[in-house]
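A.B. asks: These protein sequence lines map, in sequence, to chains V, Z and E.
The numbering of the first sequence is my numbering, which starts it at 1 and goes up by one.
The numbering of the second sequence is my numbering, which starts it at 1 and goes up by one.
The numbering of the third sequence is my numbering, which starts it at 1 and goes up by one.
Please note: incorrect hints may appear among the correct ones.
Distance condition first, Cα-Cα at most 30 Å in a straight line; then the derived DSS-like pairs of lysine-lysine [what the hints assert, rightly or not]:
(1) V:Lys182 with Z:Lys294
(2) V:Lys130 with Z:Lys349
(3) Z:Lys291 with E:Lys61
(4) Z:Lys294 with E:Lys61
(5) V:Lys236 with V:Lys145
(6) V:Lys146 with Z:Lys141
(7) Z:Lys428 with E:Lys61
(8) V:Lys229 with V:Lys170
(9) V:Lys105 with V:Lys25
No lab work stands behind these hints, which were simulated from the structure alone.
Only a predicted model underlies this, so the values are computations on that prediction, with no experimental measurement involved.
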Amino acid sequence: MKAKMVLTTLALAVGMTAVGTAAAKYPDKTITMYVAFSAGGTTDLTARALAQGMEKILGVPVAVENKGGGGGTVSGALLASQKPDGYKLLVASTGLLSMRPMMMKVAFTPASFTPLIQFSEYVGSLTVRKDAPYDTIEKFIEHAKKNPGMTYASSGVNTQQQIGVETVAKCKGLTFKHVPQKGGSNSNTQLLGGHIDFIAGSGSHLPYVQQGEFRELVVLHRETRDPTKPDIPIMKDIGCPPSNPALGMIVLAPAGLPENIAKTLEQAMKKVTEDPSFQELLKRFNLPYDFKDSAQLKAALAKETTWYMQYLKENNLLLKN
Amino acid sequence: MELTENIIHGFSVAFQWQNLLFCFVGVLIGTLIGVLPGLGPVGAMAILLPITYGISPVTAIVMLAGIYYGAQYGGSTTSILVGIPGESSSVVTALDGYQMALQGRAGPALGIAAFSSFIAGTIAIVGLMLMAAPLVKFALKFGPAEYFSLMLLGLIILTYLAQKSMVKALMMAAIGVVLGLAGLDSITGMPRFTGDMPELLDGIGIAPLAMGLFGVSEILLNVERQIKRSVVVKRVKNLLPNRQDWKDSAAPIGRGTIIGFLVGILPGGGTVLSSFLSYGVEKRFAKDPEKFGKGAIAGVAGPEASNNAAAQAGFIPLLSLGIPASAVMGILLGALLIHGIQPGPLLMKNEPDLFWGVIASMYIGNIMLLVLNLPMIGLWVRLLMVPYSILFPIILFVALTGAFVINGSLLDLYLMLGFGVLGYLMRKFEYEPAPLILAFVLAPLLEISLRQSLIISGGDVSVFFVRPISLTLLVIAALLLLSALVPSLRSKRQQIAARAEEET
Amino acid sequence: MNAERLVSLVWLIVGGAVMHTSYGLGLGTGGEPGSGFLPMIAGGFICLMAVVIYVQTYTNKQMAQSRFSDHWRGTDWPRAVILVVLTLAFIVLIEILGYFVTSILLLVIIMKALEKLSWLKSIVIPIVTVTLTYLLFTSMLDTNMPRGVIGLW
Numbered sequence: 001m002k003a004k005m006v007l008t009t010l011a012l013a014v015g016m017t018a019v020g021t022a023a024a025k026y027p028d029k030t031i032t033m034y035v036a037f038s039a040g041g042t043t044d045l046t047a048r049a050l051a052q053g054m055e056k057i058l059g060v061p062v063a064v065e066n067k068g069g070g071g072g073t074v075s076g077a078l079l080a081s082q083k084p085d086g087y088k089l090l091v092a093s094t095g096l097l098s099m100r101p102m103m104m105k106v107a108f109t110p111a112s113f114t115p116l117i118q119f120s121e122y123v124g125s126l127t128v129r130k131d132a133p134y135d136t137i138e139k140f141i142e143h144a145k146k147n148p149g150m151t152y153a154s155s156g157v158n159t160q161q162q163i164g165v166e167t168v169a170k171c172k173g174l175t176f177k178h179v180p181q182k183g184g185s186n187s188n189t190q191l192l193g194g195h196i197d198f199i200a201g202s203g204s205h206l207p208y209v210q211q212g213e214f215r216e217l218v219v220l221h222r223e224t225r226d227p228t229k230p231d232i233p234i235m236k237d238i239g240c241p242p243s244n245p246a247l248g249m250i251v252l253a254p255a256g257l258p259e260n261i262a263k264t265l266e267q268a269m270k271k272v273t274e275d276p277s278f279q280e281l282l283k284r285f286n287l288p289y290d291f292k293d294s295a296q297l298k299a300a301l302a303k304e305t306t307w308y309m310q311y312l313k314e315n316n317l318l319l320k321n
Numbered sequence: 001m002e003l004t005e006n007i008i009h010g011f012s013v014a015f016q017w018q019n020l021l022f023c024f025v026g027v028l029i030g031t032l033i034g035v036l037p038g039l040g041p042v043g044a045m046a047i048l049l050p051i052t053y054g055i056s057p058v059t060a061i062v063m064l065a066g067i068y069y070g071a072q073y074g075g076s077t078t079s080i081l082v083g084i085p086g087e088s089s090s091v092v093t094a095l096d097g098y099q100m101a102l103q104g105r106a107g108p109a110l111g112i113a114a115f116s117s118f119i120a121g122t123i124a125i126v127g128l129m130l131m132a133a134p135l136v137k138f139a140l141k142f143g144p145a146e147y148f149s150l151m152l153l154g155l156i157i158l159t160y161l162a163q164k165s166m167v168k169a170l171m172m173a174a175i176g177v178v179l180g181l182a183g184l185d186s187i188t189g190m191p192r193f194t195g196d197m198p199e200l201l202d203g204i205g206i207a208p209l210a211m212g213l214f215g216v217s218e219i220l221l222n223v224e225r226q227i228k229r230s231v232v233v234k235r236v237k238n239l240l241p242n243r244q245d246w247k248d249s250a251a252p253i254g255r256g257t258i259i260g261f262l263v264g265i266l267p268g269g270g271t272v273l274s275s276f277l278s279y280g281v282e283k284r285f286a287k288d289p290e291k292f293g294k295g296a297i298a299g300v301a302g303p304e305a306s307n308n309a310a311a312q313a314g315f316i317p318l319l320s321l322g323i324p325a326s327a328v329m330g331i332l333l334g335a336l337l338i339h340g341i342q343p344g345p346l347l348m349k350n351e352p353d354l355f356w357g358v359i360a361s362m363y364i365g366n367i368m369l370l371v372l373n374l375p376m377i378g379l380w381v382r383l384l385m386v387p388y389s390i391l392f393p394i395i396l397f398v399a400l401t402g403a404f405v406i407n408g409s410l411l412d413l414y415l416m417l418g419f420g421v422l423g424y425l426m427r428k429f430e431y432e433p434a435p436l437i438l439a440f441v442l443a444p445l446l447e448i449s450l451r452q453s454l455i456i457s458g459g460d461v462s463v464f465f466v467r468p469i470s471l472t473l474l475v476i477a478a479l480l481l482l483s484a485l486v487p488s489l490r491s492k493r494q495q496i497a498a499r500a501e502e503e504t
Numbered sequence: 001m002n003a004e005r006l007v008s009l010v011w012l013i014v015g016g017a018v019m020h021t022s023y024g025l026g027l028g029t030g031g032e033p034g035s036g037f038l039p040m041i042a043g044g045f046i047c048l049m050a051v052v053i054y055v056q057t058y059t060n061k062q063m064a065q066s067r068f069s070d071h072w073r074g075t076d077w078p079r080a081v082i083l084v085v086l087t088l089a090f091i092v093l094i095e096i097l098g099y100f101v102t103s104i105l106l107l108v109i110i111m112k113a114l115e116k117l118s119w120l121k122s123i124v125i126p127i128v129t130v131t132l133t134y135l136l137f138t139s140m141l142d143t144n145m146p147r148g149v150i151g152l153w
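So here's chain V without its partners, still in its complex pose:
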């Protein structure tokens, strides 16, 4: 009799401990936040600010590890292989899910991840030198029609901004010559030196606009005018269908993350990004604030993927099996 009681109590105790551990407070140890970009870039620095903020709210260390390379695919593969226990996250671009897997062989699929939040997005605009003979987009289009084969630099082939410029070309029946660069700042250098006619500005060009060297002619990727530059037209204003959607800066976890952990992370990150110091940082990097929670993000990803699938198909860039 007594043995039975002891055993039951023991069983109950063990059971309760098990339940207790499962319901134990998350998080209780260091969270690792991977960054899909190399150290020192604006996305990396933003991610580090996010990590710092999360530390304060969650009460555990959040360690940032750069796993740049392959346009984010290295970090994607890494995260996809981790346990969905909420201790491994990744800051990346939505392109990792909506574009890359369809273009190249990667060790993950879009379904390998749990999208958590978006906190910013990448910008793009067709930008020329201040002293160019065309100071509005209309004059530019006229000039381009008379001089086919204008050259432009971008931060890379099939980047968000380069695709954006090509949608302008398609809409207005123009032909441009694309001169790919390694990264956005090289495009700025080429434009400063006058070696190319215009650039697909990808964000790093904004200080030059502010300091009077460059001029933006049309803002790409947005469905409404940019509130910080209300007199620069968008695609709708020049009679074109919307260009490709902007890729977002997002936080991912491996697929299968438990609901409660996802909620905790979402709420913590929302708080961090709403904080004025984070907002100030975004402003300093010339990054817009665009928050999406996981539901909104999933919806946006679906739309984005459809758009890019179509684009890749039309341009014969889909990965051949």
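Please arrange chains Z and E on chain V, whose structure you already have, making use of the hints.
C.D. replies: Chains Z and E in isolation, oriented as in the chain V frame:
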């Protein structure tokens, strides 16, 4: 005069105690990072960036800048002592510097490296101050066509690097080109020679390549030698360069400074390219080029001068136009942004404290580095007296660690080991690694410039000859090539003539 | 077998492989070079140089006499091989046993088994070196070293 006012203002900023303190911290860390093979200033600066959040932007940049040019001083230390390049810009120093160490002259080698770095760095800062604006305008004139011609010039210099068989050196260069092009093709966006490994999409890292080819191979070659390698020296007599050393180094330092300064200004130029160019030029203009590769002090003085000059010159595009000329400058750009400073043409005007304060602190930093490095020479040389059996495992371990922390990637370790074995075999059969590395560094920029130029010109090849700067560079390249071939042609004719005489 | 000759044949194969891959990447035209343009030239160059070296093994006296045994005579090359194997093992084990443990193992084995140092030296030096380096990289530089499956340190 406005310039003097600015300079005085700059020094008044630089001498503020927190700027002095952080300058010292920066150069100290930089030296340490430079000495440690593998981890470079880029990694260290990124890691230390958060520390700068709470301090003023000037102080932040002063410290970060110190890490960068400090690393150029430190990198030569491991190159000279053990033949492992501590920094990619010190690869060339490993050629003759290490040989000098083997001959018991590690002290003078380290000394000349420190002094060359100091002299060149200081002169470069003066150039920065006086000529920033016109120089950067000149740099902007370099479009893709000019870069192509410059890279071609660099490849021609490569022919001067060959010590023994020219054929084998050229073969190594071709291999270097292939390795350098491995990765994502920027123009098509498609991978090349990556074997489907995503880690290779950004190319093969220069650190695992250089450390493997030079360092690991050296360890392997030493390990199999049965004679107990009494590393270097029984008694080191002079720790500093003697008068003859100074005589031999004076001109190389001068030339190295100019080369480094000019190449460093160009976005994409950089410390690696300038150090190789300087070595090639020194060998070309030396009275006794056969000494190179066997411990010619000019082969240390020139490259060390040029890599420091290039490091200082690299600040010019950033500070005057907001253009990051290299990955390091990219981090500084991020640091500026974090502190609310918008880089660009107006930086000099809007932030005189920053601009002149940082420049002034570079003088101070270079002096600090000289004071730091010179006394250390005695310490380093003593380190060499540690028996090799204890030394090399530690070196190997540190190299593996250093290579790992760059990307956190095991692939880099496999690459380093693989290149180590390759280097070991290559050196047995007298294939030299230096031409491979130079070609490796040049190839990507050479190729992308070629294709970009042709896209812009619509396939018209004359673009390289019509543009004046490009044409000038090509003419220099052709002259250098001819002058390399002609003597050998002449000696060939003399040989044939001599043999003909013998037979009659 | 003439060593230089064999090596040149190896290079010939390498060059051929490069040329083959380059062709698959697309050569483009002279006015619009493709992805494989420059690599093809490099590959062709490798093959050309390989042929020249091959010919030199007949014309050049020194090269005609090259034998594999020459390069390894008088060397204790098994030690080099062992070192390579040990390093390889290190890389493989680093993520299983963790950086700290694997590094100590590597150094101890090299010092004791390969270099025949005393037990005292072979244990103390590795522990001191690895600890210092580990502290340097993790505390001061804030990097992350592999913890291994066991999760040590």
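A.B. asks: Does Lys428 (chain Z) pair with Lys61 (chain E) here, judged by a C-alpha cut-off of 30 Å?
C.D. replies: holds, 18 Å
A.B. asks: For the pair we were handed, Lys229 (chain V) and Lys170 (chain V), check the Cα-Cα distance against 30 Å.
C.D. replies: holds, 25 Å
A.B. asks: Given the hinted pair Lys105 (chain V) and Lys25 (chain V), is their alpha-carbon gap at most 30 Å?
C.D. replies: violated, 39 Å
A.B. asks: Are the Cα positions of Lys294 (chain Z) and Lys61 (chain E) separated by 30 Å at most?
C.D. replies: holds, 25 Å
A.B. asks: Can the restraint linking Lys182 (chain V) and Lys294 (chain Z) be considered satisfied, given a maximum Cα separation of 30 Å?
C.D. replies: violated, 39 Å
A.B. asks: Would you check the hint for Lys236 (chain V) and Lys145 (chain V), treating anything up to 30 Å between C-alpha atoms as holding?
C.D. replies: Since the Cα atoms of Lys236 (chain V) and Lys145 (chain V) sit roughly 20 Å apart, the hinted pair holds (cutoff 30 Å).
A.B. asks: Does Lys130 (chain V) pair with Lys349 (chain Z) here, judged by a C-alpha cut-off of 30 Å?
C.D. replies: Given that 30 Å is the threshold and the Cα spacing comes to 19 Å, the pair holds.
A.B. asks: Compare the distance between the alpha carbons of Lys146 (chain V) and Lys141 (chain Z) with 30 Å, and conclude whether the hinted pair is satisfied.
C.D. replies: Judged against 30 Å, a Cα distance of about 27 Å means the pair holds.
A.B. asks: Are the Cα atoms of Lys291 (chain Z) and Lys61 (chain E) separated by 30 Å or less?
C.D. replies: OK: Lys291 (chain Z) and Lys61 (chain E) at ~25 Å, within 30 Å.
Hints 1, 9 from the list above are not met by this structure, while the remaining hints are.
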